[in-house]
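Asks: The primary structure of each chain is shown beneath.
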Amino acid sequence: MFDSPARAWAHIRRLLVLTLALLLVWFVLESLVYRSGFYYRWLAEPRSNAGAVTLRLARAQNETGGTAPVVLVFGDSRVGEGFSKPVAQAQVPGLDFVNLAVPGSTPRTWYYLLRELQRRDTRFDAVVVGLPYRHIGGGELANWSLDTLFMAPLVDPRDMWTFPASFTSEEMRRRAHRTVWTPALVMQADTRALLSAPEARRQHLDYRQWWLEHASNYAGREERMPALHFDAAGQVVDFSDADAGQRQKIEQHLRDVRVAEKPVNDAFLAHWLGQVLALARAHDVPLIFYPHPRSPYPALLPDFGDLPPSLAALANEPEVTVLPPDFLADLEAPDYFFDTLHVNLHGREVISRRVAQAVAQVIGHPLPDADGSGADAKQVSPR
Amino acid sequence: MMFDTFQYWIFFAAVLLGLALLRDRPAKVALVLASFVFYGVWDWRFCLLLGGSIVVNYFFGIAIDAREGNARKRMVALAVAFNLAVLGFFKYANFFVDSFATLFGLNPDGMLLNIVLPVGISFFTFEGIAYAVDIYRRQMRAVRDPVDFSLFITFFPHLVAGPIIRPMDFFPQLAQRLPLTSEDSRWGMREILKGLIKKVAFANWFAPIADAWYTGAQYNGAEVPAWAGVLAFSMQIYFDFSGYTDIARGCARLLGYKFPPNFERPYLSASITEFWRRWHISLSFWLRDYLYISLGGNRVSVPRTYVNLLIVMGLGGLWHGASWNFAIWGLYHGFLLIGHRLWRQAVEKSGIAGIVDARWLLPFWIGLTFVIVTLGWIPFRAPDFAASLATFQALLAPQEWGFAQAHPAIVLIPVGTLAFCLLDHRRWLQDWLVQRASLPLVALVGALALLFLEIFAQVDAQVPFVYFQF
Chain A
1 MFDSPARAWA
11 HIRRLLVLTL
21 ALLLVWFVLE
31 SLVYRSGFYY
41 RWLAEPRSNA
51 GAVTLRLARA
61 QNETGGTAPV
71 VLVFGDSRVG
81 EGFSKPVAQA
91 QVPGLDFVNL
101 AVPGSTPRTW
111 YYLLRELQRR
121 DTRFDAVVVG
131 LPYRHIGGGE
141 LANWSLDTLF
151 MAPLVDPRDM
161 WTFPASFTSE
171 EMRRRAHRTV
181 WTPALVMQAD
191 TRALLSAPEA
201 RRQHLDYRQW
211 WLEHASNYAG
221 REERMPALHF
231 DAAGQVVDFS
241 DADAGQRQKI
251 EQHLRDVRVA
261 EKPVNDAFLA
271 HWLGQVLALA
281 RAHDVPLIFY
291 PHPRSPYPAL
301 LPDFGDLPPS
311 LAALANEPEV
321 TVLPPDFLAD
331 LEAPDYFFDT
341 LHVNLHGREV
351 ISRRVAQAVA
361 QVIGHPLPDA
371 DGSGADAKQV
381 SPR
Chain B
1 MMFDTFQYWI
11 FFAAVLLGLA
21 LLRDRPAKVA
31 LVLASFVFYG
41 VWDWRFCLLL
51 GGSIVVNYFF
61 GIAIDAREGN
71 ARKRMVALAV
81 AFNLAVLGFF
91 KYANFFVDSF
101 ATLFGLNPDG
111 MLLNIVLPVG
121 ISFFTFEGIA
131 YAVDIYRRQM
141 RAVRDPVDFS
151 LFITFFPHLV
161 AGPIIRPMDF
171 FPQLAQRLPL
181 TSEDSRWGMR
191 EILKGLIKKV
201 AFANWFAPIA
211 DAWYTGAQYN
221 GAEVPAWAGV
231 LAFSMQIYFD
241 FSGYTDIARG
251 CARLLGYKFP
261 PNFERPYLSA
271 SITEFWRRWH
281 ISLSFWLRDY
291 LYISLGGNRV
301 SVPRTYVNLL
311 IVMGLGGLWH
321 GASWNFAIWG
331 LYHGFLLIGH
341 RLWRQAVEKS
351 GIAGIVDARW
361 LLPFWIGLTF
371 VIVTLGWIPF
381 RAPDFAASLA
391 TFQALLAPQE
401 WGFAQAHPAI
411 VLIPVGTLAF
421 CLLDHRRWLQ
431 DWLVQRASLP
441 LVALVGALAL
451 LFLEIFAQVD
461 AQVPFVYFQF
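Protein chains in written order, with our numbering: chain A, 1 to 383; chain B, 1 to 470.
Hints may contain errors.
Here are the simulated distance ranges between beta carbons [what the hints assert, rightly or not]:
(1) Gly-221(B) x Gly-94(A): 49 to 59 Å
(2) Arg-13(A) x Gln-430(B): 18 to 28 Å
(3) Leu-17(B) x Asn-316(A): 49 to 59 Å
(4) Leu-17(B) x Trp-210(A): 53 to 63 Å
One side only, chain A facing chain B, incomplete, derived with CB under 8 Å [said to hold, decoys possible]:
(5) Ala-8
(6) Trp-9
(7) Glu-30
(8) Thr-191
If you're looking for bench data, these hints aren't it; they were derived computationally from the structure.
Here a beta-carbon is modelled for each residue, glycine too, at the ideal position from N, C-alpha and C.
One chain only, chain A, in its complex shape (with noise of 0.2 Å):
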């Protein structure tokens, strides 16, 4: 093929060069415009999984400006429905509650979200983790899909092991690989939507505004979830008054909740929960979790138990409070959820209180007299 070495390195040679700069300039264009977090903070669609992502690190960096104790809440939409900012601070005048629950995260992604915020010198004094203790369904939460859509503003090329690592399955492994390298690409849907429609765009970028200006007083959801009857085999044999719609939803639950544990959520668990450790403790602030209730119809669950193996090992750190796994039975009714996941306004007032009292008893802050306001106030006993 070539004459000589000589020619055939220099072939070679001028082929690497070539090739070196175009991906050195395509590698500066992508981090100008994507890794920089312009276009995210700037272009993206703030419904988008990314955009989500960003909108709660904007909020961080609005909400923790002030000289009180601030206190980063994490969790996915049933703690984004389910602790109310305004709430908890009423109940605990003189602590900043910041909401960061991402619909649809995992804990993969509030390690990536809160090592961001530590990478910005985002301030903190406590860190609250608001979560089911046992996963319910059939997922792999190891292979979520999403947290490589979430990841995009949160991860980079310093990321390019560990990241994908974090995922089982190839097809996963390889989505992780584009997140990290080519953000481009994994934007391209928003990329093409903000090309094809930019006025639209703009129209959509106002709600990152109003975001960040309303969201935190949002009071949560009215609905109740219909009272079921069940037989003894936990099957139902009343619907009561529920809806076509809320029918179907509530009969997928009861699949969900019937299907075995698989250890290895548990595992995934305890390794990003252990990360998220390791970022509080770089920090030297307590981290808290609590549980989230678990659903409206209890009677088709087990018994609360002992805490599960990843929770467990945490408790045991000095720095952590694993609130019991109880804590907020008593909400596990429809009266408190307006569908199968998520808690109600009733439901988002009694963990808000509980939950800033419960944080204000553990970092030691002082609470109020007893006024009436803390009546659902419990109090801690950690495991």
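Place chain B on chain A using the hints.
Replies: This is chain B only, laid out in the frame that chain A set:
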């Protein structure tokens, strides 16, 4: 191993680096072996067929070269028959059985053979025929080096979907190596990037729209109107095949070989004759040189010339696949070519050539040619005759144009491509990039192309190259 997979590019980089360590003959041997690996990834058994084809054609070449007169003629006839038999067995056996059964009202089920079509068979058998005929015509001597001959047939960039390489173009490149320059590197990279954009961003975008129309499915939950389905396939096949060719040519150039062009902006042709000079050029030339001329070409009577044209285009159509639909497509183009010849004769005779060829009429002729070519793709893509007919009927009905509003890319991509062709008239922009632009500028343009690919690539579409099936 497809050109639009990560696996291929790892393979290609390994081949490129490996060849840099080897000289002359060992490098050629390595390239042949790499080509067999490339081919064997589809199915290792295909390598046996490919190897057999190489051995037989190699000895046929020597045998033809060693003979004179009728013996020489008999030997070339045998060589052509062998290649056609291989092609006929693997590609057309079931087609002929099925057609025979249909003609005589028989049930074909028990007669059909369980044959897998080896990828690229249409290409390497045609190259085998070209080799035998060129030797017979004394345009070249038989190649004595089996490695050189193997490389001609197997060289992986053109192995599975062309371009169909002519022996006279390839063997001189093996004999005299020209030094690779910086221009070659840039040219190769440019073609590869261009090809990837054409395939992954454009062809794969059009593919599901065309598929939806021809399979009666929906596209993104909406009905596809006939005009969109037909236009989408016209665009898909161009971007798909020319994208493949660009990548093949780019890879070959980076390895030190030059392939002839296969597409020269065919949709900007002002007549059907011009279209066939610019579309799948390597096949058009092959058909002209080895079939049309063998049938007598233009040296026979006018009616016979027209019959020859129909034979050539009909067989050219069938070359694409074992289906009467392809034959119809070929014959359609045959009639168009005859019609265009008659039209030109009438124009010349009546003295209105000056008006007909006026520059301001050019867009009209280009548009007209594009429309008739696009209509011709209907039998090419439709699964059967009934579907072709249904598509023509649907085109005559009032059209739903809302699809273009919901999916503006169906208009933007063709219009954008046209605008680029106008801007890059005579390819001065592409040539500037290869010959004169500074390295930072080249890197910037390349990086923008990569960014474009990232944003517009249909990454999970998994659309195979259209011409792989031929």
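Asks: Compare the structure with each hint and give your call.
Replies: Hint by hint, here is what the structure shows:
no. : hint                               : result
1   : Gly-221(B) x Gly-94(A): 49 to 59 Å : holds, 53 Å
2   : Arg-13(A) x Gln-430(B): 18 to 28 Å : holds, 24 Å
3   : Leu-17(B) x Asn-316(A): 49 to 59 Å : holds, 53 Å
4   : Leu-17(B) x Trp-210(A): 53 to 63 Å : holds, 55 Å
5   : Ala-8                              : holds, 4 Å
6   : Trp-9                              : holds, 6 Å
7   : Glu-30                             : holds, 7 Å
8   : Thr-191                            : holds, 5 Å
The structure agrees with every numbered hint stated previously.
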